[in-house]
Every structure is written in C-alpha cells, then in structure tokens.
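Peer 1: The lines below spell out each chain.
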Amino acid sequence: MKEQRIREELTQCRELLADLFQSGLTGVPESLLERCGREAKYVRQYGMEWLADEMTLLAEQLEQRRHVMGEENEAQIVRLFCQIETYVEEGIRLCGLEEAGVRIRQKEWEQED
Amino acid sequence: MSEIMQFLKNVDEEYLIGLSNKGIVKRSYKDLESVELKVTQEGEEILGQYDEVSVRLKLPLTSSTCSCPSTSICKHVIMTILAAQRMAQDQPAGEPSQEETAPAEKVQDDGQQADQLMQIPTERLRKAVSDRDWERLLTLTQWETDFEISGGNMITVRDVKTQATVKLIHPLELSTCSVCHNDKLCVHKATAILAWQIRNGVITPEKLLEDAGDREDDFDAQSVPEVLRDVRSQLEEMLLAGSARLSPETPFGLERLALRARGATLPNLEEKLRVLAERVKGYQGRKASITASELMRRIVDCHLHLEKLERAVSEGSGLFSVAGTFRSEYRAVPDLMLHGIAMREFQSDTGYAGKTLYFYEEGSNSFYTYTAVRPTTIEKTPRRGMGGEAVPWNLPCTLPQLSRANVKLKDGKANDEKRLSSTSQAQAELLSVGGMLPDAIGELIHDDFEKLWRAYLERLQKAKGELPEAEKLFLIRPKELLSVEYDEITQRSVLWVEDQQGRRLRGELRFSKQEETAIRSLERMEKKLRKQGEELPVFFGSLYVDDGECLFYPIETIGSDRLGGEGDA
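Sequences listed follow chains A and B, in order. Residue 126 is where the first sequence ends in the working numbering, and the numbering goes up by one at each step. Residue 571 is where the second sequence ends in the working numbering, and the numbering goes up by one at each step.
Keep in mind the hints are simulated off the structure, nothing from the lab. Don't take every hint at face value.
[Stated by the list, open to error] On the chain A side, residues computed to face chain B include the following (Cβ under 8 Å):
| no. | residue |
| --- | --- |
| 1 | PHE34 |
| 2 | ARG79 |
| 3 | VAL91 |
Glycine included, each C-beta is placed from N, C-alpha and C at the ideal position.
Work the whole structure out from these sequences, hints included.
Peer 2: Here it is, written out as structure tokens:
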C-alpha cells in the first residue's frame with residue numbers, strides 16, 4: 014500500500030528528528046548529519062521534494078552551526094526544524110487516515126499475524 | 003383585526019414551546035379539549051376566563067398575566083393563546099377592524115421581518131452577551147453548518163450543537179428562545195440573529211473577526227511581546243540543548259511562563275505551556291508513555307502557536323482569534339431526555355480517578371457524558387456525597403444505576419463537548435432504570451463499516467482538529483464476532499468483528515485494573531455466543547486511528563433487552 018510506505022518513510026524521518034532533538038540542535042554528531050542526507054534522498058524518491066530540500070538545508074545549517082555561533086543562526090535552525098517536524102507529523106496523520114480508509118474498504122484483508 | 007390577534011394568528015407550536023416549554027404546550031392542547039374557556043377581546047388585550055383563573059394576554063406575550071400562582075408563562079396563558087387563535091380563525095378574513103386602520107405598529111410580514119433582522123447592528127448583539135460568550139461565538143462557531151434556518155411567519159434558527167431553537171420576530175421582544183424562555187436578548191437570540199445575517203450575506207464571519215480586532219486594545223501592548231519573547235527563548239533553549247540536557251528547573255520555568263501567558267490574556271498559549279510542562283516532568287521522571295518524540299511534538303506545537311501570535315502582533319490584527327478563549331464554560335441547554343447506556347472507570351496519569359457515564363439524548367439524537375472525578379492523591383477510595391461517587395442532580399440512585407437510567411433533565415448545563423454539569427440548578431426526574439431505549443437510537447447504529455468510516459471522517463473534517471470525546475462515540479452492530487484474544491505480551495484484549503460485506507474492524511482494550519472486568523466479560527460473551535449461538539449485541543465505543551488502522555475501543559455492549567430498532571445509519 015502506497016500510503017503505508019510513505020507513512021513508514023515519514024515515521025523514519027520523525028525518528029531522526031527525535032534523535033536530533035535528543036542530542037540537541039547545537040551539538041549534532043556527524044552520524045546524524047549523514048542520516049539527514051540519506052533521509053533527504055529517500056523522501057525525494059517518494060516525491061516529497063519540499064521535505065527533501067528542507068532536510069538538506071537543515072543538515073547544512075546544523076553543520077555550519079558547528080563552526081559559527083550566533084543567535085540569529087540558532088533561531089533559523091529552530092524554525093526550520095519546527096517546520097519540518099510539522100510537515101512530517103501532518104503527513105503521518107493524513108497517510109494514516111488514507112491507509113485506514115483503504116484497509117476498512119478491503120473486504121478480506123489479512124489479520125496482522 | 004387587532005395587532006394582538008394578527009400576531010396570534012402567526013404563532014405556531016414551536017413559538018409556544020419557546021415561550022414556555024414542550025410539556026406545558028402539550029398539556030395545554032390536551033386540557034383545552036376538556037374545559038370551557040371563555041375568550042374576549044378588550045382593545046389590544048385578550049382576556050381568558052375559566053373556573054377561577056383569569057388570564058390577560060398582551061404583547062409581548064411574555065408580559066401576559068395570569069391569576070394562578072405561577073411566576074412564568076403557565077398553561078393557562080398558553081390555553082388562552084390557543085383559544086384566541088381559534089377565535090381569530092373564525093373571524094371573517096376581509097372584515098377590517100378599527101385597530102387595523104390605526105397607525106399603531108403592526109407585526110411585520112415575512113419580508114419586513116427579514117429586513118428588520120438584517121438591520122440589527124452587531125454592536126447591539128455584542129452588548130447583549132458576556133465577553134466570554136462573545137469570544138466563544140467568534141472562535142468556535144461554524145456558521146455554515148451549526149445552524150438550521152427556516153423561514154415562514156417567523157424565522158426559526160436551530161443551533162445544531164446546543165439544540166437551542168430561536169423564533170425570530172421583529173420587534174425582538176416578541177422573539178422566543180427554547181432555552182431562556184424570556185423576552186430579553188439572550189446569547190441564543192444574538193447567535194441566531196448573527197447566523198441569519200451571515201446566511202443572508204449581511205455580514206461575513208471574517209468581518210466579525212475583523213471587528214473583534216477592536217478588542218485588541220484589551221491586550222497589553224507591553225506584556226504580550228515580552229511574554230512571547232521569553233517563551234521563544236525558552237523553547238529555543240530546549241530544542242538547542244536537547245532532551246537529554248534539559249534542566250530539572252525546566253518544567254517550573256514553563257509553568258511560570260504559563261502564568262504570565264494567562265496574565266497577558268493568551269489562553270491557548272497558557273494551555274500549551276502547561277501541557278508541555280507536564281510532559282517535561284513525565285519525561286524527566288522516565289514515564290514510559292512520554293518519549294522524546296512526544297516531547298518534541300509538544301515543543302513544536304507550542305513554537306508554531308508562538309509564531310502565529312508573533313505574526314498577529316506584528317501585523318496588528320488577528321491576535322484576538324489566535325489567543326483563544328479560556329476554558330469552555332458550562333452553558334444552559336434545553337430540556338434533555340437522557341438514557342444511560344454505559345459507565346467506564348478511569349484513572350488518569352495526572353492523579354485523578356473516577357467514572358464517566360454515557361447517555362443517549364433523545365431530542366438531539368446524540369450522546370452526552372457526565373464525569374464524576376476525584377483527586378486520588380487526597381481520596382484513595384471514592385466517598386459518597388463528597389464529589390467522588392456523588393450522583394448528580396440529587397437523583398435517588400447510585401452511579402451504576404444511573405448508567406442504565408432514563409432521566410428527564412430540566413435547566414441542565416453542558417459544555418461544548420457535551421459534558422454535563424452536576425449543577426444544583428438543574429432539576430432531574432428519574433423516570434426508570436433499565437428498559438428499552440427509544441427507537442430513534444437505531445439511526446445511530448452502524449452495521450456497514452464503510453459508512454461508519456465515512457461518518458468518522460465527516461466528524462473529523464467538521465471538527466477541524468482533534469475530535470472531542472463525545473464525537474468519537476459510535477454504536478456498531480457487526481454481523482459476526484470473529485475472535486476475542488488476550489495478548490499476554492502487549493497486555494491487550496483484541497477482538498475482531500465483521501460486517502455484512504465482510505469488512506473487518508479491530509477493537510482493543512488495554513489491560514488495567516479498571517478494564518479487567520470489561521476484558522473478562524468480553525471473553526465470556528464470546529464463549530457464550532459460540533456455545534449458545536446468541537444474538538450479537540451492539541457495541542458502544544469510541545473510534546480512533548492508530549498506525550494506519552481504524553480501531554475501536556469498546557465501552558459497553560447493548561443487548562436486545564434494551565435495543566429494538568434496526569440500524570440504518
């Protein structure tokens with residue numbers, strides 16, 4: 014199911030964002046930045062161009078933040094992070110609804126065992 | 003024909019109900035058949051006389067008097083109106099009376115009614131209701147869908163949410179409201195006029211909100227930006243530092259900011275900050291249900307709201323609607339006929355426990371809830387009559403009995419989420435316990451899961467956000483119960499049901515002390531159904547979506563001993 018695959022991909026993005034949040038946006042390790050790049054590639058494959066661009070931009074700004082300090086830069090990173098999170102959350106919700114609708118219409122869908 | 007006679011000719015049953023109530027009107031019709039009521043006209047007044055009761059009708063009808071001890075519009079007044087109406091019908095139509103040629107103000111015809119109603123200025127309506135009610139009107143009302151409006155001799159506006167029916171007529175003193183029953187311009191009449199004006203393009207919801215911008219003077223030009231700046235700084239600090247490095251002081255800092263948001267009249271921000279403070283406490287206390295992802299969601303939600311507020315401040319408009327209103331109040335509702343259908347015990351994470359009762363309400367064909375709650379930190383076990391297990395409205399029964407009782411509630415109150423208040427002003431009559439539910443409930447039963455899903459989506463779209471508890475409730479009549487199994491690992495009881503078309507739906511009950519009885523009874527029911535082939539009951543529960551699947555949480559099963567009618571929802 015297409016909706017399910019997109020939702021799963023977006024769930025991966027949410028997990029990545031949660032990991033970024035756990036580490037703190039001021040001190041993101043290299044491995045997480047690499048994951049950002051990878052996720053941007055995956056979501057682009059699913060046609061989510063906006064999300065891919067924003068993820069790439071976030072990764073760049075987080076990388077920059079490791080070298081440049083400044084309140085303005087920090088506020089920008091936080092805003093970008095929040096925009097991405099909102100998009101991902103809304104995407105998961107809408108895909109979940111689509112998926113639930115498709116599932117309930119399927120007459121003999123398998124129980125999940 | 004005199005003005006009063008002309009007016010009475012146009013009065014219909016709904017108007018009379020607005021003037022008194024349904025019971026009195028019904029009784030008046032009945033009694034009028036068996037008594038000899040003498041009606042005479044004295045200029046602009048009509049006198050009614052029977053036995054020792056004398057009635058004097060005058061316009062507006064709410065100023066009519068009766069010699070009986072009643073202080074409101076009694077059945078004698080209504081009977082006199084009905085008798086006078088009959089008299090008016092008997093009068094020859096073309097015969098002009100002295101009054102008709104007089105220049106006195108006449109009751110307006112349809113077109114004039116509409117014109118007059120359209121000309122009522124918003125400011126007059128604004129002054130008629132409290133600040134809080136006005137805020138609620140502007141921010142919570144969905145003008146297109148919340149009202150049923152019909153024309154005729156009088157304009158009838160029915161509020162679908164509150165069930166209030168207003169009969170509009172000019173001059174406004176002649177209008178009636180099924181909730182307030184008086185001639186004053188109440189919140190229901192003001193709402194009805196606004197709904198009528200919006201439906202007819204006199205004013206737009208956007209214009210109303212824009213006008214509300216004038217109230218932005220109420221916001222403190224200094225404290226609002228200061229609060230917003232400090233909230234921004236706190237949220238940014240949390241995201242930049244990361245969840246692992248949040249200070250133990252963070253929840254207290256958030257609570258202090260919530261207090262300041264309250265002081266700056268920013269209710270939505272206050273609520274979001276309080277929720278965030280609770281979540282941070284839970285996360286730092288290693289509560290399993292509060293993950294980093296959940297915490298992040300709350301911070302982002304708060305940040306988004308903050309940006310909207312900042313935008314409104316910088317643009318100098320819209321702050322009033324973004325700021326929101328303080329907690330919705332319990333408001334007067336029309337007389338309710340409640341039929342208890344279920345009761346559920348609960349224990350919250352925040353130190354409260356209690357019981358929620360679910361009622362089917364006949365008039366609105368919808369569900370209402372009542373919650374008896376107690377703080378578990380103070381009362382480990384419920385105490386009778388101390389707010390814990392206290393039965394509302396002084397009813398002579400227990401809460402479990404009430405959950406199956408049929409109750410007539412007068413002067414009750416409920417909030418926007420259809421939660422009933424235990425207000426002592428309400429008068430309740432316990433009609434019976436148990437027995438059949440009204441046939442009309444059959445219209446709410448879903449036996450086709452696709453239609454059930456569509457109904458759920460419709461509610462979701464209408465709510466434009468999270469569904470209130472009462473809107474998640476559904477009655478489901480499956481064709482077959484496929485299985486009931488308890489999963490030891492996830493500690494959940496899972497049941498599968500199927501509709502006529504073979505569509506399946508999964509129900510889930512998580513194990514807890516409160517749900518143990520429900521889980522056992524589901525298992526017993528399944529065994530019984532298999533052994534004795536009994537008829538499957540109707541499931542009453544709430545619907546939700548989780549992980550791309552529509553699930554239901556069963557609250558109660560209702561058997562054929564209470565349900566008669568076929569489902570056709």
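Peer 1: Grab the minimum C-beta distance from ARG79 of chain A to chain B and call the hint holds if it beats 8 Å, violated otherwise.
Peer 2: At about 13 Å, which exceeds the 8 Å cut-off, the nearest Cβ of chain B leaves the hint on ARG79 of chain A violated.
Peer 1: Using 8 Å as the Cβ threshold, decide whether PHE34 of chain A counts as touching chain B.
Peer 2: holds (4 Å)
Peer 1: Answer holds if the nearest beta-carbon of chain B is closer than 8 Å to that of VAL91 of chain A; otherwise answer violated.
Peer 2: Constraint on VAL91 of chain A satisfied, holds at 5 Å.
When the structure is compared with the earlier hints, a violation turns up for hint 2 alone.
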